[in-house]
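Engineer: Residues per chain, in single letters:
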Amino acid sequence: MSPRVDFGLGLRPDHYEEIAANPGKVSWFEVLSENYMVPGGNPLQWLDTFRRDYQMAMHGVSLSIGSIDPLDLRYLDELKVLVNRIEPMWVSDHLCFTGLRGVNMHDLLPLPYTEEALDHVTERVMRVQDHLGRRLVLENVSSYVTYAASELTEWDFIAALAQRADCELLLDVNNVYVSAFNHEFDARAFLRAMPAARVRQFHLAGHLHKGTHIIDTHDHPIIPDVWELYAEAVRLFPSVPTMIERDANIPPYAELLAELDMAREIAARVAQERAPEAAE
Amino acid sequence: MSLGAPTTNAGSLADLQRAFQDYLLSSNNRFAASVRDTRKADRVTLLDVYRDGYALRLIEVLTNDYPGVMAMAGPADFDYMARAYIAAHPSHHPSVRWFGKDLADFLARTPPFNGSPAVAEMARFEWALGDAFDSADASPIVAQTLIDLPAEAWETLAFTRLPSLRVLSFDFDVPRAWQQRDEQEAGNLEVARADAPTPWVIWRPQLTSNFRSLATDEATMLAVLMEERPFPELCECLIPSAGEEQAPARAAGLLRGWVEEGMIGSFRH
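Protein chains in written order, with the working numbering: chain A, 1 to 280; chain B, 1001 to 1269.
Don't take each hint at face value.
What the hints assert, rightly or not - Partial list, computed: chain A residues near chain B (C-beta under 10 Å): (1) S33; (2) V38; (3) Q45; (4) P70; (5) L79; (6) W90; (7) T98; (8) G102; (9) H106; (10) P110; (11) H120; (12) T122; (13) E123; (14) Y144; (15) A148; (16) I215.
Claimed, not checked - Taking lysine to aspartate or glutamate and the EDC-like style, the derived pairs with C-alpha atoms no more than 16 Å apart in a straight line are: (17) A:K210 to B:D1131; (18) A:K25 to A:E255; (19) B:K1040 to A:E184; (20) A:K80 to B:D1048; (21) B:K1101 to B:D1131; (22) A:K210 to B:D1042.
The set of hints was computed from the structure by calculation and includes no laboratory data.
For each residue, glycine too, the CB sits at the ideal point set by N, CA and C.
Bound conformation, chain B alone (with noise of 0.2 Å):
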């Protein structure tokens, strides 16, 4: 590598920031010649604390992130991945909390890792148990205030979500292979195919975030519910599965289930 000689007006401020930062990302060594060698160690030597630094600590920001992806891919392909991903996206937020957010996206698109589409869905879904963790709080609707309404609200009833609650559709089995991620060594997790696309809806009542499957017609209401439609709405969107006499009995019990779950953030009529 040519170092050039070192100078001893190196430019502006500007300049040697953007220097730097050049040299951090790529493989721009002009910056090389803007430092000095000192008596113990060499210039290159030095600026590469800063260059794997950089690397290392967003490989360990992805590793906190992704366990079930590490659990997926092992050691080796993980850091393949993440330096792929550091590469692609720089980051753009002040705090490294959201540094990962692209993740299951890249992975999802972008040759070889999208050969692995399982990968791509483990990461959506951590990423999606991450956003609950730390998402706004709310405390959920309880049954009572349900019950004590006059039967007449019931035509405009709508609902609110807790606003860390989401739903993914998974074509693989994820969210059980994750609760298996530590069992076995990092590389080994095995994620199934689901028989079919299954949707699953993640949500923290409280401090602890929740997921689970839902049942197709569940989804279906429970996207209606999201849009804050009216409860006969609601009722409406059950009627291809339940039939139209079974519908708002499937329905109440539905709402009942996502209230005693903690799902429901408020309501309004």
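This is chain A alone, in the form it adopts within the complex (with noise of 0.2 Å):
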């Protein structure tokens, strides 16, 4: 039986030699789908290596699902190709555009909540379905400007896609935070509206604070708050996989390894606080 995939990382060049000599410390790895979707070397030799031992997901950063640009069909196969190497739990990308006119802003652009953009959405979200013959999973992103033009709440939004589009949820704590600070929203509000079989995955990271607005930069531990709200998260959709995405000052895996350990303290703290619920 395989084991239970509870609590992961992301797979990152810098870890894997303290990844190979500390074995077992995660049940899964998150890999970056296009860090791996290179011709062959090094990165795909540890891939394959880790694969051996641990669950993965995937999650790209380019799939661009709300451009109004076509689809990168040559981007999706690709991807299948990885997909087909390492047969992952789930693929996931962000509920984003990241550039038009072939052009790739290697950014994750917010995308306008209206109709108009939900209907493009899911027709997109159900193509790419198609196309890689598995569910997408896709994550809210953290954001720093509101369009004028937006008439859904951003957790409606989301809400109605997943509900039609069929797909399923990466939830990103650290970025709910982010967005709601910067748009003044309930990040409670968020979460409850999220609808709860579809919750696939948690994210967790750190944010750079600049007093008027907070900065999703994934290069600092992750602060109280976004505990707490992982702690209602894990109320609210109980035995989702959890990781922590660090991209940038990248400190040494067991120092991530304990910053897990505080997931998993809060995660078990909340079982408790159910069991005597569940019990009555």
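From the two separate chains plus the hints, produce the assembled complex.
Structural biologist: So this is what it looks like as structure tokens:
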């Protein structure tokens, strides 16, 4: 029987040697799809090595699901090659657009939350799912601007998209916190609006507080407020696999493992809180 | 800067996306009218998170891909160069892995950077190293398989290089300078002009990339081998340098060396 997939980390080249020297510290890794969409060499060797011992989820940054550009079928085909290579538990990307007119801005640009955008993204998610032959998992992004044209809240947009496109959700708890601060909404209301059956994964990360706004940098430890929000997420969506996403200023593997222990403790505490409820 | 009045219907999804991207790529500020201030921050401050982030992210990519160029240029000049490249070469690939692909050509032909040709050569060298790093995998052939061939096979024997193998010619001694890139403060790495243009080979026999300079006749023969010409033609191309009598022995010696160094991917006859 496969071990339970609960707490994981992002697989980062800085940690390859440490992971190899300290096996079994996590039950799964999230891999950045584009980092392994290369012909060969060291990255794919490490990927194959770790895949033998760990479950994996694929996480992309370039699907550009919300773009008005045509879907990049070549990208999807390359993604599928990687899917076939590592047989991930699921494949995720972001609810955003990353560019148009063939240019990739390499950023997760927010969409206006309009009915037009909802129809557009719904249709594209369904086409991607048909192409990949599996459900897509989409992540809420951190955002810094609010479109004047938006007609829906972000949470209503996401919930409607998940329902209409029959896709799943990667709930980035830090991103909810960041966007809630930046756009002055209630982060807990956002969480409560998510369709529980479709929440496939949690992300946790750090950020940079600029006073007037927060930037989602993934280069700091997770702050106490985000841990609290995570506890709320675990209450609402129990047993959802959790990982810490650190992309810059990457600390030693052991340090991230210690941070991950905090997630374990919170999840265990929430489970204990729930136990008496279940017994009643 | 004129923001224009905030609107309640700022246009279609397509209009908004075009305006957003134009805002990030150029000084067209039309998009600012499509987003709102918050109580804590004005919209320009918030939009600058995206505009600054766009440049900084790609500068970081170039910094990681081109440590030798950074060591030569120093942070300020590197930043100036990177911003010029970013403006001239927006990314067209899903992965940032390929963003810096055209940097060497850009530096070689664009003023003022083309006034420092050693920097363009360093960029070309570093990109080739990166290419070798994640090129397609192949196991090099071993010498014994050639030794076991019947003599007549050598009449038609042709080789393919390892997929990672590439040959570059440098006027400056960039590979040796590259090895010293971490030894001094960024901006102080000096690159000497070579006595003559020198061919260098870069290849990855297993997981680690190798590079070394090539003798002139070696580069000549390797170029012919890379065209997958048969062994007699490899010998022939050495006649001008080695003479008719010595050419086959020199060719066999060079080939043996390449096989032992793991440069040859396959052969056929």
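Engineer: For each hint, tell me whether it holds in the structure or not.
Structural biologist: Hints, verified against the model:
Checking S33 of chain A against chain B: minimum C-beta separation of about 9 Å stays under 10 Å; hint holds. With 10 Å as the threshold, the beta carbon of V38 of chain A comes within range of chain B, its nearest partner Cβ sitting at about 4 Å, so the hint holds. About 6 Å separates the beta-carbon of Q45 of chain A from the nearest beta-carbon of chain B, less than 10 Å, and the hint is met. A cut of 10 Å between beta carbons decides the hint on P70 of chain A: the least distance to chain B is about 13 Å, and the hint is violated.
Given the 10 Å rule on beta carbons, the hint for L79 of chain A holds: about 9 Å separates it from the nearest Cβ of chain B. Nearest Cβ of chain B to the Cβ of W90 of chain A: about 19 Å, over the 10 Å cut. The hint is violated. With 10 Å as the threshold, the beta carbon of T98 of chain A comes within range of chain B, its nearest partner Cβ sitting at about 8 Å, so the hint holds. A least Cβ separation of about 5 Å between G102 of chain A and chain B falls short of the 10 Å threshold, and the interface hint therefore holds.
Contact between H106 of chain A and chain B, as hinted, is supported at the beta carbon level, the nearest pair being about 5 Å apart and thus within 10 Å. Interface restraint check for P110 of chain A: the shortest CB-CB distance to chain B comes to about 9 Å, inside 10 Å, so the restraint holds. Hint on H120 of chain A holds. Least Cβ distance to chain B is approximately 6 Å, under the 10 Å limit. Interface restraint check for T122 of chain A: the shortest CB-CB distance to chain B comes to about 13 Å, outside 10 Å, so the restraint is violated.
A cut of 10 Å between beta carbons decides the hint on E123 of chain A: the least distance to chain B is about 12 Å, and the hint is violated. Among the interface hints, the one on Y144 of chain A holds; its C-beta lies about 4 Å from the nearest C-beta in chain B, closer than the 10 Å criterion. With its C-beta approaching chain B no nearer than about 5 Å, A148 of chain A sits inside the 10 Å limit, and its interface hint holds. Hint on I215 of chain A holds. Least Cβ distance to chain B is approximately 6 Å, under the 10 Å limit.
Taking the CA atoms of K210 of chain A and D1131 of chain B, the gap is about 39 Å. The hint is violated against a cut of 16 Å. Proposed proximity of K25 of chain A and E255 of chain A is supported: the alpha carbons are some 12 Å apart, at most 16 Å. Pair hint K1040 of chain B plus E184 of chain A holds up; C-alpha atoms about 9 Å apart against a cutoff of 16 Å. At most 16 Å may separate the alpha-carbon atoms for a hinted pair to count; K80 of chain A and D1048 of chain B exceed this at roughly 35 Å.
Distance restraint check for K1101 of chain B and D1131 of chain B: the Cα-Cα separation of roughly 9 Å lies within the 16 Å cut-off, and the hinted pair is therefore satisfied. With a C-alpha separation of about 13 Å, the suggested pairing of K210 of chain A with D1042 of chain B holds against the 16 Å cut-off.
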